[in-house]
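**Q** Residue numbers (UniProt numbering), protein chains in the order written: chain V, 1 to 340; chain L, 1 to 134.
These are calculated hints, taken from the structure and not from any lab test.
Don't take each hint at face value.
Said to hold, decoys possible - DEER-style ranges, computed between Cβ atoms: (1) V:I318 to L:E76: 33 to 43 Å; (2) V:S151 to L:K101: 39 to 49 Å; (3) L:S45 to V:L199: 47 to 57 Å; (4) V:E305 to L:K80: 50 to 60 Å; (5) L:K101 to V:E305: 41 to 51 Å; (6) V:P284 to L:H23: 48 to 58 Å; (7) V:P284 to L:S45: 44 to 54 Å; (8) L:E76 to V:E305: 29 to 39 Å; (9) L:K80 to V:I253: 55 to 65 Å; (10) V:L309 to L:K101: 36 to 46 Å; (11) V:E261 to L:G126: 50 to 60 Å; (12) L:L124 to V:T308: 44 to 54 Å; (13) V:Q268 to L:E76: 49 to 59 Å.
Computed from a predicted model, the values in this text were never measured in an experiment.
For glycine and all other residues, C-beta sits at the position ideal for the given N, C-alpha and C.
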Amino acid sequence: MRKDEKPYHILIIEDNLGDYILIEEYLAENILEPDLERVETFHSAKQLLEDKGKKFDLVFLDLSLPDLSGEQLIREVLELTEGIPVVALTGFSDLDFSIKSLSLGISDYLLKDELTPVILYKSIIYAIQRSKFIDDIQKSEKRYSDLFQLSPLPMWVYDLKSLRFLDINQAAVDHYGYSEEEFLLMKISDIRPADDLQLMDQALKAYQNGEKLDPKNIYKHKKKNGDIIKVEATIRNLLFNDREAVLVLVNDITERLRYVETIEKQNQTFREIAWIQSHVVRAPLARLLGLVSLLESEISDQFEETTTLVNYIKDSAIELDEIVREISKKSENIAPLEKP
Amino acid sequence: MNSELILVDDDDVLLVIFEKMIHKVDPGIKLIPFNSGKKALSYLSTIPESGTNRYLLVDINLKDMSGWDFLNELVERKDKFSKVILITSSVNSSNPITAKKYVPVIGFFEKPLTFEIIHQILNLIGQNSTEKKE
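Based on the sequences and whatever the hints tell you, model everything.
**A** This is the structure in structure tokens:
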């Protein structure tokens, strides 16, 4: 049989030299050049793992060492190995304990009495592969969890039946003022103002009758301190731990709306000023210009000086009229804003 | 030209100016000034319909009613003989467009009224009048 050429780095924590030699021999049957290190006590294993724990592909652990044994040994070793697969070696066939050791986090257990080269090799390959898969899954889970947790926008998941919050991110905690524990005891109706509850019921009933949830809408929400905010919520259905749930992402647009409102008010004032310009200021101006026209026609040409003065008044009044028209024309461009 | 022109403007000074300017151009025309729309409307209802047109120079922005209200009232009365020339001191560009929607309106001018505009107004009256110029 062809030997595995991968350079496995294996730590064997085993106080019994005979057992160690046996393992060494068995390993050599299937692995070309196993890189083995052996320690006899938990104490020296601890030192070694603290120094260069990461370099091992696998750890064999004898469950009865001179300085530590059993469950406590497993716990302490697993803490040191951090993700490196640990395979337990037991000299006694205590099935119950072996199964328990699996639940503590070890990858596999082997009975020394039943050890063969094939079993040993298989156990190594399985343990390493499984550990890689678990690592990948954990990374992937973490990635999704990070997307949720680290989102700068408040997000939560609620149960469609009970309306209770099932999960909530930090941004929601920061924004709404409730702690995560408080949120998980609340229903989504607790963050809606009282006058909106009917709307919420209608929307939920519509959904239960087969209509789709509005994927994007503006809602009013209530913070813990009582502040009412306007939010744009993006909604998705999902299965959360086998429950029909809804994922909500909210964007607080209170400030944006307030800003638009301010601009709208200012524009209103502008239009009022424009109207005053266009009409109120022009009324006495029209009177003045009429008087000047009349005056012009009354003065005979022989009063040259007076005619000049009347012309000056006329020119000034016309100039003022042009200015008013200019302002009025500009203000006509201020159109009402479209509401977002 | 022996015709009549009813002046409607809430600015008393402007009424005097209009009268003087119009009389300078046509001393024969009879001018009947009103400083409120309501007064002008009640005057119109007191004179019997003669079958000939009568002319009104109406400011759009009256204090008691707008020129549009004034026109609406004329339309409601089914007054076929009142012909209206609108004047305004405002430079709102939508006004001439609105004015075109009213049948009684035969002219639209922006204040200040110059002698040139007064000539135009009197011409409009002449053109729409059944009487011939003397």
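**Q** Against this structure, judge whether each hint is valid.
**A** Okay, the hints, checked on the actual structure:
Taken as a hint, the range 33 to 43 Å holds for the pair I318 of chain V and E76 of chain L, whose Cβ atoms sit roughly 40 Å apart. Judged by the Cβ atoms, the range 39 to 49 Å given for S151 of chain V and K101 of chain L is violated: they are separated by roughly 57 Å. For the hinted restraint 47 to 57 Å between S45 of chain L and L199 of chain V, the CB-CB distance of approximately 55 Å keeps it satisfied. Separated by about 53 Å at the C-beta atoms, E305 of chain V and K80 of chain L satisfy the suggested range of 50 to 60 Å.
Between K101 of chain L and E305 of chain V the C-beta distance comes to about 50 Å, which sits within the given range of 41 to 51 Å. At roughly 23 Å, the beta-carbon separation of P284 of chain V and H23 of chain L lies outside the given 48 to 58 Å, and the hint is violated. The supplied range of 44 to 54 Å is broken by P284 of chain V and S45 of chain L, whose beta-carbon atoms lie about 32 Å from each other. Roughly 55 Å separates the CB atoms of E76 of chain L and E305 of chain V, a value that falls outside the hinted 29 to 39 Å.
For the pair K80 of chain L and I253 of chain V, the supplied restraint of 55 to 65 Å holds, since their beta-carbon distance comes to about 57 Å. Between L309 of chain V and K101 of chain L the Cβ separation comes to about 44 Å, which falls inside the hinted range of 36 to 46 Å. Range check, E261 of chain V to G126 of chain L: Cβ separation about 55 Å, and the 50 to 60 Å hint holds. A C-beta distance of roughly 34 Å is found between L124 of chain L and T308 of chain V, which places it outside the suggested range of 44 to 54 Å.
Taking 49 to 59 Å as the suggested C-beta distance range, the pair Q268 of chain V and E76 of chain L does not conform, at roughly 33 Å.
In the structure shown, a violation is registered for the earlier hints numbered 2, 6, 7, 8, 12 and 13, in ascending order.
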